[in-house]
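Go ahead and model the full structure; you've got the sequences and the hints to work with.
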Amino acid sequence: MLRLRVIPALLLRDRGLIKTTRFKKPRYVGDPINAVKIFNEKEVDEIVFLDTEASKRGRRPDFKLVSEIASECFMPFAYGGGVRDIGDVKTLCSIGAEKVIINSRAVAYPEFVREASDVCGSQSVVVSIDAKRNFMGQYKVYTTGGSTATKYDPVRFARLMEEMGAGEILLTSIDHDGTMKGYDIALIRRVTDVVGIPVIASGGAGTVADFRDAQTQGGAAAVSAGSMFVFHGKHRAVLISYPTQEELRTLDTMENRNETAPIPNM
Amino acid sequence: MCLKPPSIVIVDYGTGNLASIMNMLRKVGVAAMVSCDASVISRADKLILPGVGAFDCGMENLRRSGLVTILTERVSNERIPILGICLGMQIMTRRSEEGVLPGLGWIDAETVGFRNKGDCSIKIPHMGWNTVAVKKNTHLFDGIEGVSRFYFVHSYHVVFGESGAILTTTRHGFEFVSAFQKENILGVQFHPEKSHKFGMTLMKNWAFSG
Chain A
1 MLRLRVIPAL LLRDRGLIKT TRFKKPRYVG DPINAVKIFN EKEVDEIVFL DTEASKRGRR
61 PDFKLVSEIA SECFMPFAYG GGVRDIGDVK TLCSIGAEKV IINSRAVAYP EFVREASDVC
121 GSQSVVVSID AKRNFMGQYK VYTTGGSTAT KYDPVRFARL MEEMGAGEIL LTSIDHDGTM
181 KGYDIALIRR VTDVVGIPVI ASGGAGTVAD FRDAQTQGGA AAVSAGSMFV FHGKHRAVLI
241 SYPTQEELRT LDTMENRNET APIPNM
Chain B
267 MCLKPPSIVI VDYGTGNLAS IMNMLRKVGV AAMVSCDASV ISRADKLILP GVGAFDCGME
327 NLRRSGLVTI LTERVSNERI PILGICLGMQ IMTRRSEEGV LPGLGWIDAE TVGFRNKGDC
387 SIKIPHMGWN TVAVKKNTHL FDGIEGVSRF YFVHSYHVVF GESGAILTTT RHGFEFVSAF
447 QKENILGVQF HPEKSHKFGM TLMKNWAFSG
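Residue numbers (the numbering used here), protein chains in the order written: chain A, 1 to 266; chain B, 267 to 476.
By construction, these hints were calculated from the structure, which means they are not laboratory data.
Keep in mind that this is a model prediction, so the values were computed, not measured.
No false leads were mixed into what you were given.
Partner residues aside, some chain B positions facing chain A, computed with beta carbon under 10 Å:
| id | residue |
| --- | --- |
| 1 | N283 |
| 2 | V419 |
| 3 | H420 |
| 4 | K463 |
| 5 | M466 |
Straight-line C-alpha distance at most 25 Å; calculated DSS-like pairs for lysine-lysine:
| id | chain 1 | residue 1 | chain 2 | residue 2 |
| --- | --- | --- | --- | --- |
| 6 | A | K64 | A | K90 |
| 7 | A | K90 | A | K56 |
| 8 | B | K383 | B | K401 |
| 9 | A | K42 | B | K293 |
| 10 | A | K181 | A | K140 |
| 11 | A | K37 | B | K293 |
| 12 | B | K463 | A | K37 |
| 13 | B | K448 | B | K402 |
| 14 | A | K56 | A | K25 |
| 15 | A | K37 | B | K470 |
| 16 | B | K463 | A | K42 |
| 17 | A | K25 | A | K181 |
| 18 | B | K293 | A | K64 |
| 19 | A | K234 | A | K24 |
| 20 | A | K42 | B | K470 |
| 21 | A | K25 | A | K140 |
| 22 | B | K463 | B | K293 |
| 23 | B | K470 | B | K401 |
| 24 | A | K140 | A | K24 |
Ideal Cβ placement from N, Cα and C applies to all residues, glycine included.
What follows is the structure in structure tokens.
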């Protein structure tokens, strides 16, 4: 049966990997190709790469880097950052990205999501929603690396994206990002309660127990982590890690282990 | 004596993770090339038929590529080994519920859509890592300790009239055929090129087998 997917989220800036805290204070953590090789060895389920600067600087995806990643990455990977038109989507898919992540463009022009899923299939289109609470305590969607507030609340926006044909939602809590103190379960639950497509929880993971909470309390179909997989110890030394298969097996639910109907015949 | 490594041609008919398959073969030490040229395909020792997307799109692309004749000649008459991946495997069947065009009909099977059956509600597409249960004697999984798992992303699956060709099954609400092998034809529903060590082992075992 399908297990909960556990996905390293790697942030890119100028071809290097960085890590942020609440989307600020970027810190260099290493070379992305090297990280891919290590994650190959660790039998990671899939990887998310996000270029954090592309939208801000009006840049397109770094196709050369994506090709290099694809040549070394033997599990599915999703790529986002600066995806502005259908040409970008097609190119990313043809050079080896399993999924394309759309963020700022989806807010500016929601129909783009429908166009992308018509061309590559909705399973290849992930909409990334970055959310934080404003001073009144309401969740709002932010774009352009978390710097620009929009009028959308994440629940309404997630519904809209599902209607537009998005295959998955990558839901990131800006407030919890980099803190390693747990996901924003309330935020995740609000979104999973209203959409049928998978929601990938992101922002705040510190332990495997956090993954379980995101799944059982938040309803997440998959979990993503950044700091947890690149930092180690209270001084946050850079060390790439990933849970062992034994640890991941603790995430298998009862549903995963059910016996059901036999093979159908013609 | 040095065994000459096989020349493997990945058929380019406009769909599939061509680069990823090439890269994985290169990683396991197999010389491979991507080609849409019938004369190149006619000289290959083994073939890979990749594919991603809708059935009719795949069949139409294949027809337009002009490669159906040479492929059928090599696979059905000369019986050279061929590996079909995902849509590449599905187009080997007679037909699919997903489309109206006939498939290649190389195997006695059909492609049908996943449906919710009774109380069992499943997510469609079947997307993510899942395990395979091996049903026949095979060397393809030699070197893998424990259960094999692979990456799947599909909304349709193949069904057979009889079980002789079924190589592996996988559970997604019910057990469906995740790989079949009929003589020289191997079809896998999952993506070995996206399944790191499991995919590498399978590709290597298949590439270097007789």
